[in-house]
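Asker: Please construct the entire structure, taking both the sequences and the accompanying hints into account.
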Amino acid sequence: MNIVRKIFGGDIRQLGMVAALVILIAYFQIKTGGLTLDPNNVNNIIQGNAYILVLAIGMVLVIIAGHIDLSVGSISAFVGIVVAIAIRDWSLPWPVGILLGLGLGALVGVWQGFWVARVGIPAFIVTLAGMLFFRGANQYVGKSNTVPVPEGFQVIGSGSLPEVGPNTGYNNLTVLLGILGCAAIVYGALRSRARLTKIGAQVEEAWAMWTRLALVCLVILGAMFLIASGRKGFPVSGLILVVLVLVYGFIASKTVLGRHIYAVGGNRHAAELSGVKSRQINFFVMANMAVLASLAGMMFVARSTASGPFDGVGWELDAIAAVFIGGAAVTGGVGTVVGSIVGGLVMAVLNNGLQLEGVGADATQMIKGLVLLIAVAFDVYNKSQGKPSILGLFQRNRDRNRRLAEAESGTVDTQNPAQSSVTSTSSTLGSDS
Amino acid sequence: MSNVAPTATGTARTGSHEVILEMRAITKEFPGVKALSDVDMTVRRGEIHAICGENGAGKSTLMKVLSGVHPHGSYRGEILWNGAPAQFSSIRDSEQAGIVIIHQELALIPELSIAENIFLGNEQTRRGAIDWVQTQAKAAQLLERVGLSEDPMTKVKDIGVGKQQLVEIAKALSKDVQLLILDEPTAALNESDSQHLLQIMDGLRSHGVTCIMISHKLNEIEQISDAITIIRDGRSIETLRVKEDGVDENRIIRGMVGRDLESRFPDHTPTIGEVFFEVKHWNVQHPVRADRLVANDASFFVRRGEIVGFAGLMGAGRTELMRSIFGRSYGTLLGGTIVKDGKELHLKHVRDAIDAGLAYVTEDRKTLGLNLLDDIKRTTVSAKLSRITHGLVVDETEEYRIAEQYRQELRTKTPNVEEGVAKLSGGNQQKVVLAKWLFTEPDLLILDEPTRGIDVGAKFEIYGIIQRLAAQGKGVIVVSSELPELLGLADRIYTIAEGRITGCLDKAQADQESLMRLMTKNTTRTQANAVS
Ligand SMILES: Nc1ncnc2c1ncn2[C@@H]1O[C@H](COP(=O)(O)OP(=O)(O)OP(=O)(O)O)[C@@H](O)[C@H]1O
Ligand SMILES: [Mg+2]
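If you read the sequences in order, they're chains G and P.
Note that numbering that gives the first Met the number 0 has the first sequence beginning at 0, numbered continuously upward.
Note that numbering that gives the first Met the number 0 has the second sequence beginning at 0, numbered continuously upward.
The set of hints was computed from the structure by calculation and includes no laboratory data.
Beta carbons: idealized from backbone N, C-alpha and C, even for Gly.
Worth double-checking, as some hints may not be accurate.
As the list claims (entries may be wrong) - Per the computed footprint, the stretches of chain P lying under chain G, defined by three or more beta-carbons under 8 Å from a beta-carbon of chain G, are:
id, segment
1, 344 to 353
2, 368 to 377
3, 399 to 405
To be verified - Keeping only pairs whose Cα atoms sit at most 20 Å apart, straight-line, the calculated SDA-like set for lysine to any residue is:
id, chain 1, residue 1, chain 2, residue 2
4, P, Lys33, P, Ser73
5, G, Lys276, P, Arg386
6, G, Lys231, G, Gln153
7, G, Lys197, P, Thr396
8, G, Lys276, P, Gly390
9, G, Lys197, P, Thr336
10, P, Lys339, P, Ala355
11, P, Lys279, P, Asp201
12, G, Lys276, P, Thr366
13, P, Lys383, G, Ser277
14, P, Lys383, G, His268
15, G, Lys367, G, Phe377
16, P, Lys216, P, Gly245
17, P, Lys412, G, Gln201
18, G, Lys253, P, Arg400
19, G, Lys276, P, Leu332
20, G, Lys142, G, Ser303
21, G, Lys276, P, Thr388
22, G, Lys276, P, Arg327
23, G, Lys197, P, Arg400
24, G, Lys197, P, Glu398
25, G, Lys276, G, Ser252
26, P, Lys174, P, Asp201
27, G, Lys253, P, Thr366
28, G, Lys253, P, Asp374
29, P, Lys383, G, Ile250
30, G, Lys253, G, Phe283
31, G, Lys253, P, Gly419
32, P, Lys383, G, Arg278
33, G, Lys253, P, Ser205
34, G, Lys253, G, Ser277
Stated by the list, open to error - Label pairs and their in silico Cβ distance ranges:
id, chain 1, residue 1, chain 2, residue 2, range
35, G, Ile29, P, Ala128, 57 to 65 Å
36, P, Lys154, G, Gly248, 44 to 52 Å
37, G, Trp209, P, Gln407, 53 to 61 Å
38, P, Gln407, G, Ile22, 42 to 50 Å
Answerer: This is the structure:
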């Protein structure tokens, strides 16, 4: 266990989720006789869930800042129908249609951000209103009809990397993507190590770093070769997702904006007294969510080749579930972009595997509900008992730490505070932040 | 077996005193930190037993072990309660046994009444419904025991901290307490509230209740306690019996830090320059009660290199005044000007204030000073991220280096700067908050109760830092409820009462009496209900 901790360092909780994902994949791979990791199925999983994962990226920022957004599905549907109609009726070129959609998303975001940040109405209420309003707007604009979109537009939903270069038996661009990705990761790791060494900070042991890098690269290359061996290359929607994960992961962990989002969610008063403009932060997370929702809506429309009146129903809940499975706290201040993606993938693989096995939609829903509950319950239980969970077998010590911090929270000395929010995850799931 | 100092009298009298609690060889480890190692402590029935030690020595941890916050099994060693081994696995267990702990952070619910708070979790019921008559009557009795003349139905948020502390004690008494643990009970109280609390403790003692009290206010300890156990670096150093051993403050300090501390304030010869910061006719309205002015035509100035003290009773408006200056972070500004270096400033937001070279260290580090989810290094740089950003990107290497530098400079006790601030002891949290504001490189540093909950040694260090800043030509404002602190540190002291500045004394003229007189001076608008 110690070795595992050394190799993966930092966030062991996320590792627990990754482990769960790996186990899930392995389980379905065996149960379905290899269907799960069939290249086409992998493509399918990516394309069929990319839009939810895009929503999860926006949602995790909203949740870290201490809010919630229930309107994302309706916004997606509203933007989808407007774009589809604009392209059809005004014969806009499809790239202009996409820009129009993003612009519209931004407008919607400004609207919701205004009510949350300026007027100070809880996001739960504002976005509940938005959920109703934009659902209605979708049906009003589209007259409850289904509107098709042109083929060019469909690229962002169902397109793949094209075949280029010599015939290697693989999709060359996909393989190249994998190699570039690995190179970037190794370069990044070495660079930060060098800088830390320079200022004399403690760095992890070299073997631990190399083992981790090797494992990560192996997974990436493995996945890319797997996809590249199929009929099509890496999906465009997957590519969009990867880019967004990189950008938003960077924003959340390395930029001033990201710091401020965590600060506002962690303790708004302290953040304000440190010069953080919490209104601006709240405005940003809400507006940004709407823009990503519009993108997700268009990706979905592109994949299903048409926009309809019932697009986006229930998406907000999938996105929120992904975020909480990924370790975010309902009370705000805790969560990561990558964690939410992993959480979303757990749901996606589960969905897909159950489908392949021929389990009906009814049972699938029930299982998904239970998985959410159990994942979060383990977390809460861990934190209150300090006992390792299935996911957290590795994290004994860390959890004990956290538990102690918590023990103090309820009770004890002002001095060593620690507050309910250390608890973070979902101990208050259900309360509207 | 008992760890009582083996003076002739001490040993002789042990026999005549019944031992109520014995903690033997308590060892408690957190990952990477050994908070307690082999701590022994013996408490006699009916005494007030103080625990002294530097920040992070392990005092609070020891009490958490005793009260079951750290459950049995998470520590090594033995607890003998009334002679029998005790194994508490939660606070409930220890309460059942008659041990009640009162945390410094009061655990009262502001929106509930005093009576409801007292019986929270222990509701007085009749046939399944709350018996309000019983609740009120019993609450009134308990309040009388702690000398609090308030209507039991008053909401807790409407009484001051001092009275809230008494409500906590009343709550403890409602549970048939044999041993009452108070963790820094007077840290947030002013002089007279503290004295009242000590009297109540004295009364409890005469009724046979045993008390353990953690405090950094050594004068109070000397005044009230019968015995003192000293903890240093997680070890019990000695137990002193106050009367028999003739203990005084210096003796306690010697035990705590392992050497004599010649003076409480570092030597300092101020070099005071010209006036560089001035506030004129500052009027601020209370955020909710529009009829109240929290700052009433306040004017004051600070010179370069000067340490300016602000004295006042609780609720006099010192914090409110400072916060309203610091980017209007409190109340509604009705009028007034701020001039710094000859230029008028319009500080509409905290950001503007920070950029203008102001820093404000809050008195309430938990709710206003820290994001407890964050770690030390990120907290240290959080008030001035722009100093370590390239574009919009935070330079994390630089962040680490700076946090490490402040850790060493302020001697913050922590395994490393990646530790979460929630895990630090109170005094060390305060150092992190201080580091955060020093990092903004302010011209004017406003410190609100900077040494609350801080041990003597660390106080000395913090005074040293304040004086160094002043020596660099910066201005420092110190708001403090401890008059000796202001008298020892400040070059000039303003007094505030009910939002008005009622006086300004130079160091040479100031003493406790003159300050007290000005602090309680009736202003023209007498408001009987000025907040507690
Ligand atoms: N939950 C925890 N996890 C890790 N370390 C902890 C935890 N609680 C306390 N510690 C560490 O144990 C040591 C003792 O802390 P404790 O709170 O008992 O100090 P203290 O004597 O009460 O100090 P202060 O006077 O500042 O309140 C400190 O080094 C602190 O960092
Ligand atoms: Mg303490």
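Asker: Does each hint hold? Answer for all of them.
Answerer: Okay, the hints, checked on the actual structure:
Counting residues of the segment 344 to 353 of chain P whose beta-carbon sits less than 8 Å from any beta-carbon of chain G gives 5, enough to reach three: the coverage restraint holds. Coverage of the segment 368 to 377 of chain P by chain G holds. Counting CB-CB distances below 8 Å, 7 residues qualify, and the rule asks for three or more. Look at the segment 399 to 405 of chain P against chain G: 3 of its residues bring a Cβ nearer than 8 Å to a Cβ of that chain, three or more, so the hint holds. For the given pair, P:Lys33 sits about 13 Å from P:Ser73 by alpha-carbon distance, which is consistent with the 20 Å threshold.
The hinted pair formed by G:Lys276 and P:Arg386 meets the criterion: a straight-line CA distance of about 17 Å does not exceed 20 Å. Straight-line distance between C-alpha atoms of G:Lys231 and G:Gln153 comes to about 15 Å, which keeps the hinted pair within the 20 Å bound. Straight-line distance between C-alpha atoms of G:Lys197 and P:Thr396 comes to about 9 Å, which keeps the hinted pair within the 20 Å bound. With a C-alpha separation of about 18 Å, the suggested pairing of G:Lys276 with P:Gly390 holds against the 20 Å cut-off.
Proximity of G:Lys197 to P:Thr336 is assessed by CA-CA distance (about 48 Å); at most 20 Å being required, the pair is judged violated. In summary, the hint linking P:Lys339 to P:Ala355 is supported, as the alpha carbons are separated by about 9 Å, within the 20 Å threshold. With a C-alpha separation of about 46 Å, the suggested pairing of P:Lys279 with P:Asp201 is violated against the 20 Å cut-off. Straight-line distance between C-alpha atoms of G:Lys276 and P:Thr366 comes to about 17 Å, which keeps the hinted pair within the 20 Å bound.
A distance of roughly 15 Å separates the Cα atoms of P:Lys383 and G:Ser277; the hinted pair therefore holds under the 20 Å criterion. Of the supplied pair hints, the one linking P:Lys383 and G:His268 holds, its CA atoms being roughly 16 Å apart against a limit of 20 Å. Proximity of G:Lys367 to G:Phe377 is assessed by CA-CA distance (about 15 Å); at most 20 Å being required, the pair is judged to hold. For the hint pairing P:Lys216 with P:Gly245, the CA-to-CA distance comes to about 18 Å; that is within 20 Å, so the pair holds.
Restraint check for P:Lys412 and G:Gln201: the C-alpha separation of about 18 Å stays at or below 20 Å, so the hint holds. A hinted pair counts as satisfied when its Cα atoms are at most 20 Å apart, and G:Lys253 with P:Arg400 qualifies at roughly 16 Å. Taking the CA atoms of G:Lys276 and P:Leu332, the gap is about 19 Å. The hint holds against a cut of 20 Å. With a CA separation close to 19 Å, the supplied pair G:Lys142 and G:Ser303 stays within the 20 Å bound.
For the hint linking G:Lys276 to P:Thr388, the alpha-carbon distance of about 18 Å falls within 20 Å, and the restraint holds. About 13 Å separates the Cα atoms of G:Lys276 and P:Arg327, which keeps this hinted pair within 20 Å; it holds. This hinted pair checks out: G:Lys197 and P:Arg400 have alpha carbons roughly 10 Å apart, not beyond 20 Å. Proposed proximity of G:Lys197 and P:Glu398 is supported: the alpha carbons are some 14 Å apart, at most 20 Å.
At most 20 Å may separate the alpha-carbon atoms for a hinted pair to count; G:Lys276 and G:Ser252 meet this at roughly 18 Å. With a CA separation close to 19 Å, the supplied pair P:Lys174 and P:Asp201 stays within the 20 Å bound. Only pairs whose Cα atoms come within 20 Å are accepted, and G:Lys253 paired with P:Thr366 is rejected, the gap being roughly 25 Å. At most 20 Å may separate the alpha-carbon atoms for a hinted pair to count; G:Lys253 and P:Asp374 meet this at roughly 15 Å.
Distance check on the hinted pair: P:Lys383 and G:Ile250 sit about 18 Å apart at the alpha-carbon level, within 20 Å; holds. The straight-line distance between the Cα atoms of G:Lys253 and G:Phe283 is roughly 17 Å, inside the 20 Å bound, and the hint therefore holds. Note on G:Lys253 and P:Gly419: the hinted pairing holds, with a Cα-Cα distance of about 18 Å set against a maximum of 20 Å. Pair hint P:Lys383 plus G:Arg278 holds up; C-alpha atoms about 18 Å apart against a cutoff of 20 Å.
Simply put, G:Lys253 and P:Ser205 have alpha-carbon atoms about 60 Å apart, too far for the 20 Å limit, and the pair is violated. The straight-line distance between the Cα atoms of G:Lys253 and G:Ser277 is roughly 18 Å, inside the 20 Å bound, and the hint therefore holds. Range check, G:Ile29 to P:Ala128: about 59 Å between beta-carbon atoms, so the 57 to 65 Å window is met. At about 46 Å, the CB distance of P:Lys154 to G:Gly248 agrees with the hint of 44 to 52 Å.
A C-beta distance of roughly 32 Å is found between G:Trp209 and P:Gln407, which places it outside the suggested range of 53 to 61 Å. The hinted range of 42 to 50 Å is satisfied by P:Gln407 and G:Ile22, whose Cβ atoms lie roughly 45 Å apart.
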